[in-house]
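Chemist: Given next are the chains, with one letter for each unit.
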Amino acid sequence: NAGVTQTPKFRILKIGQSMTLQCAQDMNHNYMYWYRQDPGMGLKLIYYSVGAGITDKGEVPNGYNVSRSTTEDFPLRLELAAPSQTSVYFCASRSGSYYGYTFGSGTRLTVV
Amino acid sequence: KNEVEQSPQNLTAQEGEFITINCSYSVGISALHWLQQHPGGGIVSLFMLSSGKKKHGRLIATINIQEKHSSLHITASHPRDSAVYICAVEDYGGSQGNLIFGKGTKLSVKP
Chain B
3 NAGVTQTPKF RILKIGQSMT LQCAQDMNHN YMYWYRQDPG MGLKLIYYSV
53 GAGITDKGEV PNGYNVSRST TEDFPLRLEL AAPSQTSVYF CASRSGSYYG
103 YTFGSGTRLT VV
Chain P
104 KNEVEQSPQN LTAQEGEFIT INCSYSVGIS ALHWLQQHPG GGIVSLFMLS
154 SGKKKHGRLI ATINIQEKHS SLHITASHPR DSAVYICAVE DYGGSQGNLI
204 FGKGTKLSVK P
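Residue numbers (the working numbering), protein chains in the order written: chain B, 3 to 114; chain P, 104 to 214.
Careful: at least some of the hints might be erroneous.
Claimed, not checked - One-sided excerpt, in silico: chain P residues whose CB lies under 7 Å from chain B:
hint, residue
1, His141
2, Gly144
3, Gly145
4, Ser148
5, Met151
6, Leu152
7, Lys158
8, Phe204
9, Gly205
Keep in mind the hints are simulated off the structure, nothing from the lab. All residues carry an ideal CB built from backbone N, CA and C; glycine is no exception.
Work the whole structure out from these sequences, hints included.
Modeler: Here you go:
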């Protein structure tokens, strides 16, 4: 099993550009999450989903959008990129409450 | 005040030493997670605890719900244990899956 796959691994964006960070899992997990990790800070939840067609905002959703049309995929959309969105982004999934998390390898995004 | 505090922030040990990393939290929780972040950046889930103690190989995690404290122990440490160890809690009253993360403890094990 591949687990949680994130693409791309690295990306440089110019201010105002848009992009989609891809996340796919092959474990049939219902719950999926997007986190961002800033230097010296703990991870922060951006958006999460408890199943196909259901998404909800986390702690830091501004500037991002998500969709969950299938169980496997949970893309994160950045519209009008800003320098404050420079961060490392992690996608994670789990089977449900009271289960451990599986993380993707991360996407390092720089907005210049 | 952060809701999840880890200590120490940085830890250097000699190979073979017994290591303890501490995590204190201030909210009611349904579970506590210990994660390992490798130097390359990937994150691996080590333990999920809601009570007592769990052991996996040389790693032991304990939690005291009444004292709102957890510890991660590494026995017979090895240079390959060098990583950032992150404590995260599931807030009992929080939204589904909203882990509250500590800032991590950076461990370096010297040969």
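Chemist: Go through the numbered hints given earlier and state which of them the structure violates, listing their numbers in rising order.
Modeler: When the structure is compared with the hints, numbers 1, 6 and 7 turn out to be violated.
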